[in-house]
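Visitor: One-letter residues, chain by chain:
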Amino acid sequence: MNLIVIFISAAIVNNFVLSQFLGICPFVGVSKRLDSAVSMGMAVTFVMTITAVVTWLIYHLLLVPYNLEILQYVSFILVIASLVQLVEMFIRKVSKPLYDSLGIFLPLITTNCAILGLALISVLRNYSFMESLIYSIGAGAGFTLALVIMAGIREELELADVPKQFQGAAITMIIAGSLALAFMGFAGLI
Amino acid sequence: MAKKVSLLEDFTKGIWKENPILIALLGLCPTLAVTTSVENGIAMGLAVSFTLVCSSTIISLLRNIIPKQVRIASFIVIIATFVTIADRFLAAFYPEISKNLGPFIPLIIVNCIILGRQEAFASKNNVGRSILDACGMGLGFTLILIVLSTIRELLGSGTIMGFKIMWDSFSPWMVMILPPGAFLTLGLMIGASNWINDRRKRS
Amino acid sequence: MNTSAKMILVLTVISALSGGLLSYWDSFTSEKIEAYRQSEIQKAVQKVLPESDERKEIQQNGFTFYIGYKNGEITGISFVAEGGGFQDIISMMVGVTPDFSHITGLAILSQKETPGLGTKIDYDPSREGMETWFTDQFKGKKTGNLTYVKNQKPRSDSEIEAITGATISSNAVVTILNEKISAAKAAFESINE
Numbered sequence: 086m087n088l089i090v091i092f093i094s095a096a097i098v099n100n101f102v103l104s105q106f107l108g109i110c111p112f113v114g115v116s117k118r119l120d121s122a123v124s125m126g127m128a129v130t131f132v133m134t135i136t137a138v139v140t141w142l143i144y145h146l147l148l149v150p151y152n153l154e155i156l157q158y159v160s161f162i163l164v165i166a167s168l169v170q171l172v173e174m175f176i177r178k179v180s181k182p183l184y185d186s187l188g189i190f191l192p193l194i195t196t197n198c199a200i201l202g203l204a205l206i207s208v209l210r211n212y213s214f215m216e217s218l219i220y221s222i223g224a225g226a227g228f229t230l231a232l233v234i235m236a237g238i239r240e241e242l243e244l245a246d247v248p249k250q251f252q253g254a255a256i257t258m259i260i261a262g263s264l265a266l267a268f269m270g271f272a273g274l275i
Numbered sequence: 002m003a004k005k006v007s008l009l010e011d012f013t014k015g016i017w018k019e020n021p022i023l024i025a026l027l028g029l030c031p032t033l034a035v036t037t038s039v040e041n042g043i044a045m046g047l048a049v050s051f052t053l054v055c056s057s058t059i060i061s062l063l064r065n066i067i068p069k070q071v072r073i074a075s076f077i078v079i080i081a082t083f084v085t086i087a088d089r090f091l092a093a094f095y096p097e098i099s100k101n102l103g104p105f106i107p108l109i110i111v112n113c114i115i116l117g118r119q120e121a122f123a124s125k126n127n128v129g130r131s132i133l134d135a136c137g138m139g140l141g142f143t144l145i146l147i148v149l150s151t152i153r154e155l156l157g158s159g160t161i162m163g164f165k166i167m168w169d170s171f172s173p174w175m176v177m178i179l180p181p182g183a184f185l186t187l188g189l190m191i192g193a194s195n196w197i198n199d200r201r202k203r204s
Numbered sequence: 003m004n005t006s007a008k009m010i011l012v013l014t015v016i017s018a019l020s021g022g023l024l025s026y027w028d029s030f031t032s033e034k035i036e037a038y039r040q041s042e043i044q045k046a047v048q049k050v051l052p053e054s055d056e057r058k059e060i061q062q063n064g065f066t067f068y069i070g071y072k073n074g075e076i077t078g079i080s081f082v083a084e085g086g087g088f089q090d091i092i093s094m095m096v097g098v099t100p101d102f103s104h105i106t107g108l109a110i111l112s113q114k115e116t117p118g119l120g121t122k123i124d125y126d127p128s129r130e131g132m133e134t135w136f137t138d139q140f141k142g143k144k145t146g147n148l149t150y151v152k153n154q155k156p157r158s159d160s161e162i163e164a165i166t167g168a169t170i171s172s173n174a175v176v177t178i179l180n181e182k183i184s185a186a187k188a189a190f191e192s193i194n195e
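Here the protein sequences line up with chains P, Y and Z, keeping their order. Just so you know, the working numbering puts 251 at position 166 of the first sequence, and the rest follows in order with no gaps. Just so you know, the working numbering puts 122 at position 121 of the second sequence, and the rest follows in order with no gaps. Just so you know, the working numbering puts 190 at position 188 of the third sequence, and the rest follows in order with no gaps.
In short, the hints are calculated from the structure, not lab data. Every value quoted in this text rests on a predicted model; they were computed, and no experiment measured them. For glycine and all other residues, C-beta sits at the position ideal for the given N, C-alpha and C. Please note that a few of the clues may not be correct.
Straight-line C-alpha distance at most 20 Å; calculated EDC-like pairs for lysine to aspartate or glutamate [unchecked claim]:
1. Y:K100 x Z:D28
2. Z:K45 x Z:E56
3. Z:K34 x Y:E97
4. Z:K114 x Y:E40
5. Y:K100 x P:E154
6. Y:K165 x Z:E33
7. Y:K165 x Z:E130
8. Y:K165 x Z:E36
9. Y:K100 x Z:E84
10. Y:K100 x Z:E42
11. Z:K45 x Y:E97
12. Z:K114 x Y:E97
13. Z:K34 x P:E154
14. Y:K100 x Z:E36
15. Z:K49 x Y:E97
16. Y:K100 x Z:D126
17. Y:K100 x Z:D124
18. Y:K100 x Z:D90
19. Y:K100 x Z:E33
Take a look, some chain Z residues computed to stay more than 10 Å from chain Y by CB distance [what the hints assert, rightly or not]:
20. K8
21. K45
22. I69
23. V82
24. M132
25. K143
26. R157
27. D159
28. E181
29. A189
Produce the entire structure from the sequences given, and follow the hints as far as they go.
Guide: Okay, structure coming up:
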């Protein structure tokens, strides 16, 4: 029951992008087309899940027992950077089509604050292994959802007559505001 | 003379012409998340500026020593070190602010402004210019955070820095301190800055 | 020197320097951070067990109990209750009578509820002079089956008034209390066994 609440909370009610403000850069940058939004969302979810597992193990089996919590940030970001590299190499070896669709997004993920944010929040909330795993999948789903909705709207928006000064980032922000408002309606769900 | 102008330019470009938030659209996550009050906005701006100036100094000093292949990894370690220092400093001396900003202090590590400036400027230029560049970018970032948080706090709670500003019967626009208000205000600010730049170009 | 050796050397040196600097900084700040945390806890205990003048700490089953005494007699027991709020964990210090039947006080230790709405569980700037009315109203309430009512004054001693516009946060506090007080009671009773 608790796990379901964590999942729904991360994916919808406290959506990573629209209510926690994590992963805004790719949200603005990669939401112009629907197909690239889907690929980016999948890549992020994938890396998030692995990151959640690895950082949980590092924090609870290495940093806490040896009293090295001060190295938390340095070690987490190094883990994420190397994980992204490994995942890239692995996907290239295993599946060429998957690499072609996800490949170009992978390097961008290192500096996606949603990934580091996820690892940090899991520690802050003292999640168990299972909880952080579910949390990461929920967060990834929420990120993908926000990105896909945004891309869908922006594809339509190309036909709309937006004032010149507001084209691009400005209108994206304003739409994101309306979406965030809509997502607040889910508040009563949990 | 030409050199002097360019040094000044290194500093001032971050404030408006290449402003990290309005023009380059970098570092948006903390910009949106912590600007619910002016106090938080200033603290965040200072923490980012501190990290930016320190990392730029060190990285521009080491720019000829760090091999190209491990450039990003080295940058990240250096940045994460300074962020940890800033985080612990706030937790020890300003615990209330540290509580409010929560995970957004450690998230400075992946703030694209910092890594972006290392990659684009500090790893290619000497220490003096890198520091000027970092100060300018830090100031530009902090100023936008202050403007954004002032608007949001004033309309959303009727206060600035916790002092009551609005008249008594003013009922706060709650939405301004909620997530949608952050997106809307920043969108309008970006639009306004585009409009000002357009007007300048035309005249 | 070949490139990969240089790469490894540079990364190692940078990481070592960073580790050294951080461990120095840790020794410098961690005491202050811990002292602040302790003082926050002591302040909260003082608030929820106002009648006690002497305290003892006991750990049992994951709870840390702060037992308040006056003239050698137990006046109340307090402990930290945590649980999920609207956005993040709400952490509270709860004080109860020695038999766990009534609440003697409640203080919020940390919360990340929606600014201006859910944060009123901790501090409500719109009610001048009684900004902590939400937590204050728990004093004297009966434990076990707390419920909340909306937009009206509570009628019984197991009802509290919810915050308008932040029912979820109010509900979270009530749920956490109902759950944790009985868990704490079980843990506390197992101490003497």
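Visitor: Just to be careful, I want the Cα atoms of Y:K100 and Z:E42 compared with a cutoff of 20 Å; is the pair within it?
Guide: Status holds; Cα separation ~12 Å.
Visitor: Next pair to validate is Y:K165 with Z:E36; report whether the Cα-Cα distance is within 20 Å.
Guide: violated (34 Å)
Visitor: Determine whether the non-interface label on Z:K8 survives the test: each CB of chain Y must be over 10 Å from its CB.
Guide: violated (5 Å)
Visitor: Would you mind confirming whether the straight-line C-alpha gap from Y:K100 to Z:E84 stays at or under 20 Å?
Guide: holds (17 Å)
Visitor: Has the given pair, Z:K49 with Y:E97, been kept, meaning a C-alpha gap of at most 20 Å?
Guide: Holds. Z:K49 to Y:E97 sits at ~19 Å (cutoff 20 Å).
Visitor: Once the closest CB in chain Y is found, is it more than 10 Å from Z:V82?
Guide: The claim stands: Z:V82 keeps its Cβ more than 10 Å from every Cβ of chain Y (closest is about 16 Å).
Visitor: For the pair supplied as a hint, Z:K34 and P:E154, confirm whether the alpha-carbon distance does not exceed 20 Å.
Guide: Roughly 16 Å between the alpha carbons, so the hint for Z:K34 and P:E154 holds.
Visitor: Under the criterion that the straight-line Cα-Cα distance not exceed 20 Å, is the pair Y:K100, Z:E33 satisfied?
Guide: holds (17 Å)
Visitor: Given the proposed pairing of Y:K100 with Z:E36, does the C-alpha separation stay at or below 20 Å?
Guide: holds (14 Å)
Visitor: Does Y:K100 pair with Z:D28 here, judged by a C-alpha cut-off of 20 Å?
Guide: The given pair, whose Cα atoms are some 18 Å apart, holds under the 20 Å limit.
Visitor: Checking one constraint from the list: CA of Y:K100 to CA of Z:D126, max 20 Å. Satisfied?
Guide: holds (18 Å)
Visitor: Checking one constraint from the list: CA of Z:K45 to CA of Y:E97, max 20 Å. Satisfied?
Guide: holds (15 Å)
Violated hints, in rising order: 6, 8, 20; the structure is consistent with all others.
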